[in-house]
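Novice: Here is what each chain is made of, one letter per residue.
Number of protein chains: 2
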Amino acid sequence: MDSMIDLTGELLIGAGRQDGGAKSFQAINPATGQAIEPFFSGAGPAEIDQACALAAEAFGAYRATSRDMRANFLETIATKIEDIGDALIERAVEETGLPKARIEGERARTVGQLRLFAGVVREGSWMELRVDPALPDRKPLPRPDLRLRKIPLGPVAVFGASNFPLAFSVAGGDTASALAAGCPVVVKAHPAHPGTCELVGRAIAAAVAECGLPEGVFSLLSGVGNELGAALVSDARIKAVGFTGSRAGGLALAAQAAKRAEPIPVYAEMSSINPVLLMPAALAARGAEIGSAFVASLTLGAGQFCTNPGLVIAARGPGFDKFLHQATESLAAAPASTMLHPGIFKAYQAGVERLQAGHAKLLARGQEGTGPNQCQAALFVTDTESFIADKTLSEEVFGASGLVITCADQREMEAVIASLEGQLTITLQMDAADNAAAITLLPLLEEKAGRILVNGWPTGVEVSHAMVHGGPFPSTSDSRSTSVGTLAIERFLRPVCYQNFPDAVLPDELREGHLGQSWRRMDGRLLPPG
Amino acid sequence: MDSMIDLTGELLIGAGRQDGGAKSFQAINPATGQAIEPFFSGAGPAEIDQACALAAEAFGAYRATSRDMRANFLETIATKIEDIGDALIERAVEETGLPKARIEGERARTVGQLRLFAGVVREGSWMELRVDPALPDRKPLPRPDLRLRKIPLGPVAVFGASNFPLAFSVAGGDTASALAAGCPVVVKAHPAHPGTCELVGRAIAAAVAECGLPEGVFSLLSGVGNELGAALVSDARIKAVGFTGSRAGGLALAAQAAKRAEPIPVYAEMSSINPVLLMPAALAARGAEIGSAFVASLTLGAGQFCTNPGLVIAARGPGFDKFLHQATESLAAAPASTMLHPGIFKAYQAGVERLQAGHAKLLARGQEGTGPNQCQAALFVTDTESFIADKTLSEEVFGASGLVITCADQREMEAVIASLEGQLTITLQMDAADNAAAITLLPLLEEKAGRILVNGWPTGVEVSHAMVHGGPFPSTSDSRSTSVGTLAIERFLRPVCYQNFPDAVLPDELREGHLGQSWRRMDGRLLPPG
Chain A
0 MDSMIDLTGE LLIGAGRQDG GAKSFQAINP ATGQAIEPFF SGAGPAEIDQ ACALAAEAFG
60 AYRATSRDMR ANFLETIATK IEDIGDALIE RAVEETGLPK ARIEGERART VGQLRLFAGV
120 VREGSWMELR VDPALPDRKP LPRPDLRLRK IPLGPVAVFG ASNFPLAFSV AGGDTASALA
180 AGCPVVVKAH PAHPGTCELV GRAIAAAVAE CGLPEGVFSL LSGVGNELGA ALVSDARIKA
240 VGFTGSRAGG LALAAQAAKR AEPIPVYAEM SSINPVLLMP AALAARGAEI GSAFVASLTL
300 GAGQFCTNPG LVIAARGPGF DKFLHQATES LAAAPASTML HPGIFKAYQA GVERLQAGHA
360 KLLARGQEGT GPNQCQAALF VTDTESFIAD KTLSEEVFGA SGLVITCADQ REMEAVIASL
420 EGQLTITLQM DAADNAAAIT LLPLLEEKAG RILVNGWPTG VEVSHAMVHG GPFPSTSDSR
480 STSVGTLAIE RFLRPVCYQN FPDAVLPDEL REGHLGQSWR RMDGRLLPPG
Chain B
0 MDSMIDLTGE LLIGAGRQDG GAKSFQAINP ATGQAIEPFF SGAGPAEIDQ ACALAAEAFG
60 AYRATSRDMR ANFLETIATK IEDIGDALIE RAVEETGLPK ARIEGERART VGQLRLFAGV
120 VREGSWMELR VDPALPDRKP LPRPDLRLRK IPLGPVAVFG ASNFPLAFSV AGGDTASALA
180 AGCPVVVKAH PAHPGTCELV GRAIAAAVAE CGLPEGVFSL LSGVGNELGA ALVSDARIKA
240 VGFTGSRAGG LALAAQAAKR AEPIPVYAEM SSINPVLLMP AALAARGAEI GSAFVASLTL
300 GAGQFCTNPG LVIAARGPGF DKFLHQATES LAAAPASTML HPGIFKAYQA GVERLQAGHA
360 KLLARGQEGT GPNQCQAALF VTDTESFIAD KTLSEEVFGA SGLVITCADQ REMEAVIASL
420 EGQLTITLQM DAADNAAAIT LLPLLEEKAG RILVNGWPTG VEVSHAMVHG GPFPSTSDSR
480 STSVGTLAIE RFLRPVCYQN FPDAVLPDEL REGHLGQSWR RMDGRLLPPG
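Read top to bottom, the protein sequences are chains A and B.
By numbering that gives the first Met the number 0, the letter at position 209 of the first sequence is numbered 208, and the numbering carries on one by one without gaps.
By numbering that gives the first Met the number 0, the letter at position 356 of the second sequence is numbered 355, and the numbering carries on one by one without gaps.
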C-alpha cells in the first residue's frame with residue numbers, strides 16, 4: 000500500500016469524507032524541511048458543528064452497547080491499525096523524523112493499549128456497581144433500595160500530541176479510554192503528522208462501520224491555528240477534553256472550558272522537567288555510570304518526551320565529580336537528531352539560548368546537526384541559590400537540554416525540590432545505604448509528582464494498571480487522574496443513583512438477575528462476580 | 000450545659016481560641032427576628048493565614064496516621080458531638096428555626112455519617128492499591144515493578160450550608176470525607192448558625208487533641224461577607240474546596256479557584272429544582288394521593304432542601320385534574336413555617352414575586368405567616384411552551400414554591416426535560432403500566448440528574464454507599480462525584496505510582512508483607528484482603 004496514493008487530506012466526519020471550510024495545509028518532513036503531499040483540509044465552524052452533532056447523536060446508542068460490543072470495537076480498531084501495514088510506519092517516519100524502530104514500537108504500544116482497554120471494559124469493575132438494599136423496617140425511617148453505577152460523560156474532544164504520533168494521537172490513550180468508557184470521540188489531529196492521523200482515523204472509522212456502531216462515535220478534524228481547538232472545546236455538546244501538549248496550549252483550553260455556560264473537565268497533560276535526585280551512596284558507588292545513563296535518557300528521541308529528565312539534583316560529595324565529568328563527556332559526544340517539526344526545533348533553540356543567557360553555566364553541547372531541525376543536546380549546571388531565585392530555570396525546555404543543580408547537602412536538595420512546581424515524575428538514583436534518606440524525602444516527592452522511580456529513567460511509560468502518567472499542576476490540569484494506564488477510564492465517568500426502581504426499569508447490570516455477574520459493592524462490601 | 004454561657008464567639012484556629020481582625024456579628028433567631036448572644040469574631044487575613052499555615056503543617060503527619068487512628072478520630076468526633084447534649088440541639092433550634100425533632104434527627108445523621116466514614120477508612124479499598132509485578136524477561140523490553148495507591152490532596156476548605164446546621168456544616172459530609180481521606184480541614188462557618196458551628200467545632204478540636212493529632216488538622220473560621228471565603232479559596236495551601244449553597248456563591252468560589260496560580264478542584268453543590276414526572280398510569284390510579292404527597296414533600300421544612308421538588312411535569316390525562324385539585328387544596332392548607340434566616344426569607348419572597356410576574360399562573364398560596372420570616376407556600380402552573388420560552392421559570396426558588404407544567408403528551412414531557420439544566424434528582428411517579436415509557440425516558444434522565452427516584456420524594460438523602468448527591472452542572476460544579484455517601488472520599492484523593500521501589504522504601508500498605516491485608520488489583524485482577 001502506498002500511503003502517498005491513498006491519502007486524500009479530507010476530514011473524517013462520522014462516515015463522511017469531506018473538505019473543510021478552513022485553510023488547508025501540508026505536513027513537513029523535518030529531516031528535509033520539505034513539504035509532503037497531499038494538502039490537508041482545515042475544519043471550519045460548519046465541520047466542527049457537524050462532527051459534534053454526530054457525536055451527540057451517537058452518544059445514546061453507543062453508551063447503550065454491551066461491554067462485549069465495546070471491547071470488540073476496541074480490538075477491531077487495533078486490528079485495522081495493524082492492517083495498514085508499512086504505509087503507516089513510512090508515513091509516520093516521514094512526518095516526524097522518528098526512527099522506524101521507534102514508530103514500530105509505538106504501533107505495538109498503541110494496539111496493545113486498545114486491547115488492554117478492551118479487557119478493562121469486559122472486566123467491568125469500573126462501573127462501580129453499588130447496592131444498598133432496602134431496609135423497610137428500619138427505625139425511625141425505612142431505607143429505600145439504592146443502586147449506583149457509573150455512566151459516561153458524553154462526547155469527548157481529544158487533542159493529539161506531536162511527540163507520539165500513534166500512542167498519544169488519534170487512537171492513543173485518551174481516545175482508547177474515552178471510547179472504553181462509552182464516550183464518542185472527536186479528535187483534533189496534530190497538524191505535524193496529518194497523514195498518520197488520516198490513516199489511523201480511517202482505521203477507526205472502518206472499525207465503527209464494521210461493528211455496526213453509529214457513525215458519530217468517531218470523527219477526525221484537522222486544521223492549523225487555534226480556532227479549531229477553541230471552537231471544539233466551546234461546543235456545548237462536548238462534555239470533556241483530553242489533551243497532551245504544551246503548557247500554553249493546555250492552559251488556553253482549560254480557560255476556554257471554564258468560560259463555557261456549562262464548564263467541563265479538561266485533562267491536559269502539559270509540562271514537566273522530571274527531576275532526578277542523585278542520592279549520596281549511589282553517587283559514590285556509580286557516579287560515572289549514572290552520568291552516562293542520564294545522558295542516554297536525556298538525549299533519547301531528541302529528548303522529546305513529556306518525561307524527559309531535564310533536571311538533576313545532586314549534593315556535592317564522593318562521586319559527584321565523576322558524574323559531572325562523565326555526563327559532560329557523554330553529552331558532548333551525543334549525536335544530533337531530527338526533531339518532530341520546525342516549530343519544536345525553534346522553541347528548543349530559544350529555550351537553550353534562554354538558559355545560556357541566564358544563571359546557568361553551559362557544561363557542554365552535543366554534536367552539531369548535519370541537516371535541518373536537528374537537536375543539538377545541551378547540558379547546564381547551576382547552584383541551589385540561583386535555581387531557586389530564577390524561576391525561568393525550572394521551565395521546561397522541550398528537547399535534549401538538561402540542567403544539573405549542585406547542592407551543598409541533602410537539606411539544599413530538599414529546598415530545591417520544595418521550590419519545584421508539580422511534576423509527572425521524580426526519579427531517585429539510590430543504593431541501599433540511601434534508604435533512610437529516601438524514606439524521609441518520600442512525602443515531599445509524593446506531593447510533587449504522580450510517579451516516583453527508583454534507579455530507572457522516567458522515559459518509557461508502561462501502559463498497565465498501576466501506571467500514573469499525571470501529577471500536580473502544572474504537569475497536568477487535574478492531578479486526580481492519569482492519561483496512561485487503565486485508571487484513565489475514570490476520567491470520563493460519573494455516578495448515577497437509582498432509588499427504589501422496579502427491577503424491570505433498572506439498567507441491565509443493576510438488575511437482580513445480572514448483578515451477580517459483576518464486581519459490586521453490597522452494603523459497602525466488595526463482592527466478586529459469581 | 001447552657002450554651003449561652005459556654006459560647007465565646009472566638010475563632011478556633013488549631014488548638015487556639017482567639018478573636019479575629021474582621022467585623023464581628025451575631026446570629027439572628029429567625030422565629031423572633033432578634034439577635035442572639037454572643038458576638039462572633041470575624042476572621043481577617045491574619046487568621047486565615049494562620050489556619051492555612053497550621054493545616055499545611057499538619058498535613059504530613061495527619062496523612063501518615065494509620066487508617067485505624069484516622070477511623071478512631073472520626074468516631075471520637077461523633078462521640079464528642081453527642082456529648083454536647085441538649086445544648087447543641089437548643090442552640091441549633093434557636094439559630095435556624097428548625098424543629099427540635101428535625102435537629103435531633105440531623106445530629107443522628109451527622110454522627111452516623113462520621114462513623115460510616117470510619118468504617119470506610121478501615122476497609123481501605125479507596126486506597127485503590129494496584130501492583131503490576133516486574134516482568135524482567137519480557138521482550139522487547141522488561142517491565143519494572145509498578146505499584147499505585149491514592150493519597151490525599153492536601154488541606155481542604157469546607158463551606159458549611161445554612162440548611163443543614165449539622166449534617167452539611169462544620170462536621171458534615173464534606174468535613175467527614177476530607178478527614179477520612181487524610182486531608183486537614185479549614186471550615187468557614189455559616190454565619191446563620193455560628194453558635195452551633197462553635198459547639199461542633201470545639202467537639203472536633205477536642206477530638207484532635209484527644210487523638211494526639213497535630214492541631215492544624217482542624218480550624219473553624221467565622222465571618223460575614225465574601226472576603227473570608229475568597230481569601231480561603233485563594234490561599235495556595237488549600238488544595239480543594241467543598242461547598243454547599245447558592246449557585247452564585249458556588250460559581251464565585253469556582254471562578255476564584257480557577258484564577259489561582261495553581262487551580263484546584265471545587266466541589267460545589269449549588270442549585271436544583273428536582274423535577275417530578277407524573278407518568279400516566281400512576282396519575283390515573285392515584286392522582287389525588289400524588290397531589291397531597293407532593294405538597295407534603297414540597298413544604299417539608301419550609302422547602303429548604305437542595306432536593307426540594309420544585310417542578311412537576313405531567314401530561315394532561317386521566318387523574319391529572321384530581322392531582323392538580325388535591326395539590327392546590329393541600330397547598331392552600333399548608334401552614335407557614337419559619338425559614339432559616341431573614342436573607343433566605345427575602346430571597347424566597349422575591350422568587351415567588353418573580354414567578355407571579357412571569358408566565359406562570361398562581362394556583363394557591365399556603366397559610367399566611369404569623370411571625371417574622373415565615374415561608375408562605377406557593378403553587379404555580381404553566382404550559383410547556385411558556386416554560387421552555389422563559390428560562391427564569393426553571394431557576395431555583397429556595398423554599399416551598401412549586402411549579403406544575405402541564406404537557407399535552409409524553410413527547411412534550413420529554414421536551415421539557417430536555418430543556419432543563421443539570422439536576423441533583425429527578426423523580427418518577429409511576430405504576431407498572433408506565434414501565435415501558437420509563438425505560439424510554441431513562442437515558443435522558445440519566446443525562447440530566449445524579450439520582451433518579453421511583454415513587455418516592457427526593458427530600459431525604461440516605462447517607463450510604465450507593466447514594467449520589469451530585470449531578471450535572473449547575474446542580475454541582477463537578478458531576479464526577481457526590482457530596483453525600485461514601486463515594487465522596489474519592490473527591491480528595493489522587494493516584495501516585497511507585498516504580499521499581501525497594502520494599503523497605505515503599506509506603507507500608509504497598510509492601511510485600513502488607514499488601515495481602517488490603518483490597519488490591521494485581522496485574523489488573525481485584526483481590527480481597529487475606
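Simulated from the structure, these hints should not be mistaken for laboratory data.
Treat the numbers as computed from the prediction; the structure is a model and nothing was measured.
Watch out, some of these pointers could steer you wrong.
The list cannot tell twin chains apart, which means a pair is met if one copy fits it or any two copies do.
Claimed, not checked - Computed cross-link-like contacts, DSS-like style, restricted to lysine-lysine with a CA-CA straight-line distance of at most 25 Å:
| hint | residue 1 | residue 2 |
| --- | --- | --- |
| 1 | K258 | K447 |
| 2 | K258 | K390 |
| 3 | K447 | K22 |
| 4 | K138 | K99 |
Novice: Against this structure, judge whether each hint is valid.
Specialist: Going down the list of hints, with the structure as the test:
1. K258 / K447: between (28 Å within a copy, 21 Å between copies)
2. K258 / K390: Between copies, since 20 Å is at most 25 Å while 29 Å is not.
3. K447 / K22: neither (42 Å within a copy, 38 Å between copies)
4. K138 / K99: Between copies only: 18 Å across, 70 Å inside.
Figure legend: structure checked against the earlier numbered hints; the only hint not met is number 3.
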